[in-house]
Amino acid sequence: MLRGYLIRKIIISFITLWVIVTLNFMIFRVLVGGNPADLIINPKMPKAVRDALKSQWGLDKPLFPDQYLLYLYNLFTWNYGNQFDETASPVAPEMAWRLRNTLILLGCSTAGTIALGIPIGMFAASRRGRKADVAVMGIGLFTYGVPTFFIQMIWVTIFCMQLGILPRAGLTSLPPPQNPLDLAIDVLKHAISPIVTLILAGFGSWALYTRNLMIDALTEDFILTARAKGLSEKDVIYKHAFKSILPPIVTMVALAIPGIVTGAVITESIFAWEGIGRWYIQSLTGANWPVAQAVLYNYAVLMVIANLIADIAYGFLDPRIRIGVRR
Amino acid sequence: MVSKLYPSKYKRQIYIRRIKNFWIDFSHNKIGFVGVVIVTFFILLAVVGPLTTPYKPMSQLYRPPKVAASYAAPSWITIFPQYSDYNPTINLTRSLNQTQLANQTGTITAELQNDKLIFSPTTRGENASILIYLGNITYNYSPPPEFDLTFRGIIRFNGTLEFKTKIILVNYTTNPKWEKYLTGPNKIEATLLTFSTKGLTTNVSTIKHNLPSVPAFPNIPEPAQTIFSEKGKYGVYVNITFYSIDQGNYAELTLQGVGIVIWGRVHGILGTNFHGCDVWTELVYGARISLLVGLLSAILATTLGVIYGVISGFLGGMIDEFLMRVVDVLLCLPVLPILLVLSRLYSPNVYFIVVLIAIFGWQGLSRVIRSRVLSLKELAFIESAKASGASESYIIWRHLIPNVIPIATAAMILAIPGAIITEASLSFLGFGDPNASTWGRMMFWSRELGGFSRGAWWEWFVPGISITLLCVGFVFIGHAIDEIVNPRLRIRR
Numbered sequence: 000m001l002r003g004y005l006i007r008k009i010i011i012s013f014i015t016l017w018v019i020v021t022l023n024f025m026i027f028r029v030l031v032g033g034n035p036a037d038l039i040i041n042p043k044m045p046k047a048v049r050d051a052l053k054s055q056w057g058l059d060k061p062l063f064p065d066q067y068l069l070y071l072y073n074l075f076t077w078n079y080g081n082q083f084d085e086t087a088s089p090v091a092p093e094m095a096w097r098l099r100n101t102l103i104l105l106g107c108s109t110a111g112t113i114a115l116g117i118p119i120g121m122f123a124a125s126r127r128g129r130k131a132d133v134a135v136m137g138i139g140l141f142t143y144g145v146p147t148f149f150i151q152m153i154w155v156t157i158f159c160m161q162l163g164i165l166p167r168a169g170l171t172s173l174p175p176p177q178n179p180l181d182l183a184i185d186v187l188k189h190a191i192s193p194i195v196t197l198i199l200a201g202f203g204s205w206a207l208y209t210r211n212l213m214i215d216a217l218t219e220d221f222i223l224t225a226r227a228k229g230l231s232e233k234d235v236i237y238k239h240a241f242k243s244i245l246p247p248i249v250t251m252v253a254l255a256i257p258g259i260v261t262g263a264v265i266t267e268s269i270f271a272w273e274g275i276g277r278w279y280i281q282s283l284t285g286a287n288w289p290v291a292q293a294v295l296y297n298y299a300v301l302m303v304i305a306n307l308i309a310d311i312a313y314g315f316l317d318p319r320i321r322i323g324v325r326r
Numbered sequence: 000m001v002s003k004l005y006p007s008k009y010k011r012q013i014y015i016r017r018i019k020n021f022w023i024d025f026s027h028n029k030i031g032f033v034g035v036v037i038v039t040f041f042i043l044l045a046v047v048g049p050l051t052t053p054y055k056p057m058s059q060l061y062r063p064p065k066v067a068a069s070y071a072a073p074s075w076i077t078i079f080p081q082y083s084d085y086n087p088t089i090n091l092t093r094s095l096n097q098t099q100l101a102n103q104t105g106t107i108t109a110e111l112q113n114d115k116l117i118f119s120p121t122t123r124g125e126n127a128s129i130l131i132y133l134g135n136i137t138y139n140y141s142p143p144p145e146f147d148l149t150f151r152g153i154i155r156f157n158g159t160l161e162f163k164t165k166i167i168l169v170n171y172t173t174n175p176k177w178e179k180y181l182t183g184p185n186k187i188e189a190t191l192l193t194f195s196t197k198g199l200t201t202n203v204s205t206i207k208h209n210l211p212s213v214p215a216f217p218n219i220p221e222p223a224q225t226i227f228s229e230k231g232k233y234g235v236y237v238n239i240t241f242y243s244i245d246q247g248n249y250a251e252l253t254l255q256g257v258g259i260v261i262w263g264r265v266h267g268i269l270g271t272n273f274h275g276c277d278v279w280t281e282l283v284y285g286a287r288i289s290l291l292v293g294l295l296s297a298i299l300a301t302t303l304g305v306i307y308g309v310i311s312g313f314l315g316g317m318i319d320e321f322l323m324r325v326v327d328v329l330l331c332l333p334v335l336p337i338l339l340v341l342s343r344l345y346s347p348n349v350y351f352i353v354v355l356i357a358i359f360g361w362q363g364l365s366r367v368i369r370s371r372v373l374s375l376k377e378l379a380f381i382e383s384a385k386a387s388g389a390s391e392s393y394i395i396w397r398h399l400i401p402n403v404i405p406i407a408t409a410a411m412i413l414a415i416p417g418a419i420i421t422e423a424s425l426s427f428l429g430f431g432d433p434n435a436s437t438w439g440r441m442m443f444w445s446r447e448l449g450g451f452s453r454g455a456w457w458e459w460f461v462p463g464i465s466i467t468l469l470c471v472g473f474v475f476i477g478h479a480i481d482e483i484v485n486p487r488l489r490i491r492r
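First to last, the sequence lines map onto chains A and B.
Heads up: the first sequence at position 165 corresponds to 164 in numbering that gives the first Met the number 0, and the numbers run straight through without jumps.
Heads up: the second sequence at position 190 corresponds to 189 in numbering that gives the first Met the number 0, and the numbers run straight through without jumps.
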């Protein structure tokens, strides 16, 4: 049963990926109008590079199927073409470096949000209707309405400008320190602001969601049974109720990913964090199209992978799927 | 046939009772009440706010008039002692009929009532000069950031001649900082405009000239701060000199406005932005766009989601499976990056953005609606409707859709903040409709042009808190409706 579920999910992931790549192709080749080759080749590039790109992307062949198939092949093999600047440097190596920076940011902030949000939500549920619960609900509803960039601007004003205790922007100081230990501390200092603000912007809705799930779970019959057996309230909440809400929480991870990606695009722009989000904005404003195509594709891949991980985790966590009872 | 089972009067009564019951539940909900208050406030701001300002908001094609210095603070901060001597904008620009003639030489006729100066020389190389007293400025503030000298008029002329306008500032007390730059007893002057005509044909020329303080007084460092360094009374005079090369020339100058504008360090309710334009105007017009984008895209997305969900749930089977997989795929799309690239490629207007937000916003709701329809389908009243011969579309429109409307309403209101924030994020990153002055765009310019770094909080904090409050208001209302219509969240009283 689990195997069938996993295979289905993986197939759906690949279909999703294919849809997204096709959409990417449509946006940058068909919808754009004009000569689509202009989005791959810049007249400023040296002639050798131009010719190589022309054959790599099949630009002298028909749009469909030749160009389309080459497009699929190139993206899947990390051939993103060359940037529209004087050096015409290839996109892929810089992509790898920037993807790493983005993943550090996304990973830490997502982990922090979950680690903070879920326990707070469970705490609130265990005190339903009391002050702590009302406070968590208020914060949760509030963070649903506050834009991430607003929190970040307030943060920068307080901690980076008024108090001056945190660096305002960048990945490291300029020039970066030579000593590896100093460098690590320096990077950490620069990472605090974006990560903490992303957590602040996100944990409230997680807490609220967990609270609602938990309150729902606490009305179930098996909780009544557990209480009747004489289990302590702690065991009831953390062992019995928590396990039952794990699968929907994992689904929530998947559903939260678009928000996290959105947050990261803006966060990277505000804190000048050299990830793919900032690169994306720069490439769009600077008409550096090969970069824009590559970043959009990578965002899609990131989201598909994250969704797949969430689906797999769901399969393992939900006994109805793991053991194979039909719903 | 089925619909005739209930007379319409009775049906209406049911609806009225339902709405009444809902309202009773809602009015007991504190959070919902707070939300209604907040949202009402912003709706009032959007409707009434534009009437409180004479200006229009900034866009790509239009820049409103300058009203104060760059990043002037809100004028109410002068109640705090450390800002109490910040100057407001002082405008001493006069048309000729508002001035007094102080001195006059040569063949020049001043028709003050008609705003006209007429110069008709009788000999070659003749000079004429006129000195006009504009008025006094009582300056009781700390030195201003900048001032402008301005000239607005129409000249009709015939032949080759020249005229020159000078602004003369007189200090009635003595100012030690003026000593180096004096051009007469207690006075300093600046050439505002030199205008020369060539040729003999009759001609008309409209002159609009604005001279900032720095080029006006090139030999004085920081002219605004130096000239108005002392509190006190300043007299302002204008000297206009005509010079003609030939005889038989003629000039008629209609002077519509001449003088000095000291740009304020404080202005209005919310100060000014980088260009010295009113921020309050931007805020109230921004409220309109935020509400418009939020409401329209939420309504559109909800409609799409309900239709899709109902169809999927009602048809069931393979079609349902396929439609839900489509939703899965769409939920995987990176929405903001796609919106960014589309608005970069098409430079859209607000309605295009509304449609885009709606297209990417209905998928989650359609899942919820579908599962609700699946459970509704099993209930007896649908069976009996089928048994009494109701068509599929009748069941969908009369039974399924009315039954999902409560959930859909809550979802729609909860979708509004998402749409508002998405639009604000687009604008904040510098994308979105370039001709719409939105809250996000205000924050974008604040970061782009340095207002954020200079601590001009009125340009970024106020729109930011407005977005937050408006969204929180809708979230509160949505949460309250959700508690009422969603039995699982209902607190047992």
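No wet-lab data here; the hints were simulated from the structure.
Take these hints with a grain of salt, some might be off.
Claimed, not checked - Over the 10 Å line for every Cβ pair with chain A, so calculated as not near, a few chain B residues:
1) 44
2) 182
3) 387
Said to hold, decoys possible - Quick look at which bits of chain A chain B covers, simulated, 3 or more residues with Cβ under 8 Å:
4) 12-25
5) 292-300
Ideal Cβ placement from N, Cα and C applies to all residues, glycine included.
Violating hint indices (sorted, rising): The structure conflicts with no hint, since it agrees with every one listed earlier.
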